[in-house]
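K.L.:
The residues making up each chain are set out below.
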Amino acid sequence: MSTAKNININLKIWRQKNAKEKGGIVDYKLDNVSTASSFLEMLDQLNEQLINSKQEPVAFDHDCREGICGMCSLYINGRAHGPETGTTTCQLHMRKFKDGDTIYIEPFRSKAFPVVKDLVVDRSSFDRIQQAGGFVSVNTSGNTIDANSIPVPKDDADKSFMAAACIGCGACVASCKNGSAMLFVGAKVSQYALLPQGKVEAATRVQNMVRQMDEEGFGNCTNTGACEVECPKGISLENIARMNREFLKASL
Amino acid sequence: MAKSALLKSSIAKKYWMALTGLFLCLFLAGHLAGNLQLLVPNNALNFNQYALFMTTNPAVKILSYLTYISILFHAIDGFLLTYQNAKARPIGYAKTNPSANSSFSSRNMAVLGTIVLIFIVTHMVNFWAKMHYDKNMPLAQKETLAQTGKKQIQLVGIKDSQMPFFQLDESGKLSKEFFENIKTQTQGQYDLEIQDVTKIVNKKDGEVIFQGYKDLYKLTIDFFRDAKYGLIFTIGYVLAMFALGFHLWHGFSSAFQSLGLNGPKYTPAIKFFGKAFSVVVPLLFAIIPLYIHFTK
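Chains as they are written, first to last, in our numbering: chain A, 1 to 252; chain B, 1 to 296.
Note that these hints are calculated values from the structure, not bench results. Glycine included, C-beta positions come from ideal geometry on N, C-alpha and C. Do not take every clue at face value.
Stated by the list, open to error - Beta-carbon label-pair distances, calculated as ranges:
id, chain 1, residue 1, chain 2, residue 2, range
1, A, 84, B, 76, 39 to 45 Å
2, B, 66, A, 200, 37 to 43 Å
3, B, 69, A, 84, 43 to 49 Å
4, A, 199, B, 34, 44 to 50 Å
5, A, 99, B, 279, 43 to 49 Å
6, A, 65, B, 76, 45 to 51 Å
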């Protein structure tokens, strides 16, 4: 973009050697950051500077860099995935910041997301929740019928797809003041409960996933709605309500 | 699993919080309707009759026990949630920006709820406990003209016809002499004593000669017009209503979300009603002590 310019920024980054050692905020100065660069490119630039001065680079998660894999995280200036809504950290650009800005970068915080190193957290608790029930059992005997042969109302399909947009990044947990994972689990429960293939196992699914969520040490939801605002994929609170309904149905 | 899940799971705690909270909203509406009678001038008799009904009617009793249980459950569940949620993030953030994604009320339910709980306890000590257990609870009185043309104070009885029987001394109390006089005048036929604060009973045959009203009206008016502390009580009450309002601002619609009701059809209506409820109810509650205190 022709309006791109270079800015100088101050960074306050959480550094932690490994899971066991105590971490702390470390200050860095980074000059000549192009406003056209992405936030992760800015961190790459910082790491280059650190490596050149024989320092340990900052570890951070990233993969696709196009907002679809759910790998990048980061709590930037008090918000998961930074100041923009509806985007992941990799989709955030430095044009959102001004020359001289101080930017806090911290890992997603949750008892169930232990820090591995610096800004990298272990989100395998989400995987375990998913494994507890976030699937549809299909007989793979070789004559599996085509999913499209089962009629699905358009409205249900849309809602299911909207829930399925969840990339499991953990921004909901990170932004929730209670460290609750209910938006994630709500989305995963809804995604299946809305479709005929998923309805069959709906009761055991919601019970198992909620039990696993509680066992992982996530907090209790108090409906602040922070998760919905910060979710890069716009997952709605309606999914948590649907999970509450499904859980009640399954428990009675 | 299902049974323990309905008590222990994170979602079950939501249901209990929502159900008890919504029941307490109903209680608020009922309590407010009763309290608004205090705004009607010279309404002592009606108000005391209402207070008697509310403390003796069996159906109301069931409701009031449900209310006590709801308050306790809501508070205990709330403290438990707050404790567990604090543990879910052992290391906090250095920089936060909570107003970017959530409302003040929603983030401070525990603090607001604690203020409301403290208010409920003091409120019950000041009114509920006195009404139920205070032996010195004043009885409803009224000024009448005696046959001599002098003004006199009499107790107001549940049945008016029995009323002229009892005249009070200047301090408004039935003296011991009064009981002795009756006993001698009726040659021991009427040996009277006070039972359950409000009843005057003939010891001989257990006949209830007279039953008065506990004067909750006077207690309330005196409380908020107290020369020393009336203003403090009034301000405290109004502040508690602010806390209640903010608590309801999030709590009312949140309860429906917890119970699984969230959809384009009703959620806007629930949210609107919840916000109106959270403004109107505490406001009307707060007007009452303000009115009493400032219209001496």
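K.L.:
So the hint says 44 to 50 Å: do the beta-carbon atoms of residue 199 of chain A and residue 34 of chain B match that?
P.N.:
48 Å, holds
K.L.:
Has the hinted range 45 to 51 Å been met by the Cβ atoms of residue 65 of chain A and residue 76 of chain B?
P.N.:
48 Å, holds
K.L.:
Take a look at whether the Cβ-Cβ distance between residue 69 of chain B and residue 84 of chain A falls inside 43 to 49 Å.
P.N.:
47 Å, holds
K.L.:
Confirm or reject the claim that residue 99 of chain A and residue 279 of chain B have a C-beta distance inside 43 to 49 Å.
P.N.:
44 Å, holds
K.L.:
For the range 39 to 45 Å, tell me whether the beta carbons of residue 84 of chain A and residue 76 of chain B fit it or not.
P.N.:
At 40 Å between Cβs, range holds.
K.L.:
For the pair residue 66 of chain B and residue 200 of chain A, does the Cβ-Cβ distance stay inside 37 to 43 Å?
P.N.:
Distance hint for residue 66 of chain B, residue 200 of chain A holds at roughly 39 Å.
Violated hints are absent here; each numbered hint is respected by the structure.
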